[in-house]
Amino acid sequence: MNVLSATGEALVLIGTFFYFLSTLGLIRMPDVYNRMQTSTKSATLGSLGVLVGTGFWAVGKGYSWAWIVQTLVVATFLLLTNPISAHALIRAAYKRGIPLWSGSVVDKYHEHLKKKEETVEEAPIEGDAE
Amino acid sequence: MEEAGKLSRYLYTVIVLFLVWIPLTASLDTQELEFGFILALTVGALTYPVFTTRGLANLHPKRVAYAIAYIPYFLWAMIVANLDVAYRVLHPARPIRPGIVHCKTILKTNPGKLGLANSITLTPGTITLDVDGDDYFIHWIWVPDEVLQAKSEDEHAEHASEAITRPFEKFLKVIFG
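Line by line, the protein sequences give chains G and S. Sequential numbering of the first sequence, starting at 1, is according to our numbering. Sequential numbering of the second sequence, starting at 1, is according to our numbering.
Heads up, some of the hints might be wrong.
Unchecked claim - Listed next, the stretches of chain G that the computed footprint assigns to chain S, with coverage defined by at least 3 CB atoms under 8 Å from CB atoms of chain S: (1) 2–15; (2) 53–63; (3) 67–76; (4) 84–90.
What the hints assert, rightly or not - Computed, partial: chain S to chain G, Cβ under 10 Å: (5) Leu39; (6) Leu41; (7) Met78; (8) Pro98; (9) Thr126; (10) Asp130; (11) Ala160.
Just so you know, the hints here were simulated from the structure itself, not pulled from any lab data. In this text, all values refer to a predicted model and were calculated from it rather than measured experimentally. We put the beta carbon where it would ideally sit given N, CA and C, even for glycine.
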């Protein structure tokens with residue numbers, strides 16, 4: 001057992017722990033927004049840990065260096081795309097009219113949309129130009 | 001912001017594509033590199049109009065240095081975010097006080113706004129709900145007192161931006177302009 005294998009195993013273990021937190025968050029959180037919140041973050045870091053850990057582990061086991069380079073590429077791709085999918089999902093949920101949890105304290109987005117609607121009604125020409 | 005010349009944008013696209021090709025094949029064999037370069041030239045010719053508006057100006061040394069410095073900073077923020085999530089999920093009382101807050105940004109370019117939105121989504125307790133011009137609408141899992149008790153809309157946006165967008169803007173301002 002060398003250092004690279006040990007690092008890889010540790011990273012995979014940490015990643016799995018965050019995967020577990022992500023699913024636990026899906027069960028424990030009260031509404032869709034908080035669920036996206038917990039699951040996106042934990043699943044992203046969990047994937048990073050598992051992927052990079054696999055790379056280290058494979059190199060430590062004597063496979064080629066290409067393993068770590070390619071897992072890093074996949075990890076970067078996930079890191080750049082995961083938040084966008086989360087944003088698309090949460091925005092679609094809001095536009096569909098799914099209500100916030102009853103314990104939510106403030107909703108500025110609703111106020112903003114309302115204000116925008118009013119200005120469009122008052123000045124329809126400006127609204128069209130936008 | 002003014003657009004860079006076509007050649008500069010094309011060259012920048014080819015460079016980025018080629019830099020992606022090298023780790024994808026993970027080989028420095030001459031044949032691989034030659035074919036990758038031909039592919040980068042072809043794909044670059046087809047896609048450069050949608051890829052960049054600024055061209056080679058993106059490779060300014062100061063921008064590259066800030067982009068590299070941003071990586072560990074961002075990864076650290078992400079680890080903190082996950083420990084924060086772990087605390088909220090595992091705590092028996094489930095300490096959440098969610099709400100959608102309003103932030104303002106000083107960034108002007110679209111790639112910068114995308115980078116900021118992505119950074120916000122992956123850092124402690126916040127997820128971007130919508131971006132409309134300079135306005136960010138952010139779902140925050142624990143809205144702090146000073147934001148909640150703000151008297152006016154401006155004060156609210158000021159406090160929220162201070163906590164959410166400012167730490168990243170100082171980097172992204174240089175990287176994306």
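Outcome of the hint check:
Requiring three or more residues with a Cβ within less than 8 Å of a Cβ of chain S, the coverage given for the segment 2–15 of chain G is violated, as only 0 such residues are present. Given as covered by chain S, the segment 53–63 of chain G fails the check, having 0 residues with a CB less than 8 Å from a CB of that chain where 3 are the minimum. For a cut-off of 8 Å, the count of residues in the segment 67–76 of chain G with a CB near a CB of chain S stands at 4, and the three-residue condition holds. Note: the segment 84–90 of chain G has 4 residues with beta-carbon separation from chain S under 8 Å; the three-residue rule is met and the coverage holds.
Using the Cβ-Cβ criterion of 10 Å, the hint placing Leu39 (chain S) at the interface with chain G is not satisfied: the shortest such distance is roughly 16 Å. For Leu41 (chain S), the shortest C-beta to C-beta distance to chain G is roughly 21 Å, which exceeds 10 Å, and the interface hint is violated. At a threshold of 10 Å, the smallest CB-CB gap from Met78 (chain S) to chain G is about 6 Å, leaving the interface hint in force. Interface hint status for Pro98 (chain S): upheld, as the beta-carbon distance to the closest one in chain G is roughly 5 Å, under 10 Å.
Taking 10 Å as the C-beta contact cut-off toward chain G, the hint placing Thr126 (chain S) at the interface holds, the least distance being around 8 Å. For Asp130 (chain S), the shortest C-beta to C-beta distance to chain G is roughly 6 Å, which falls under 10 Å, so the interface hint holds. Because the beta carbon of Ala160 (chain S) sits about 9 Å from the nearest beta carbon in chain G, less than 10 Å, this interface hint is met.
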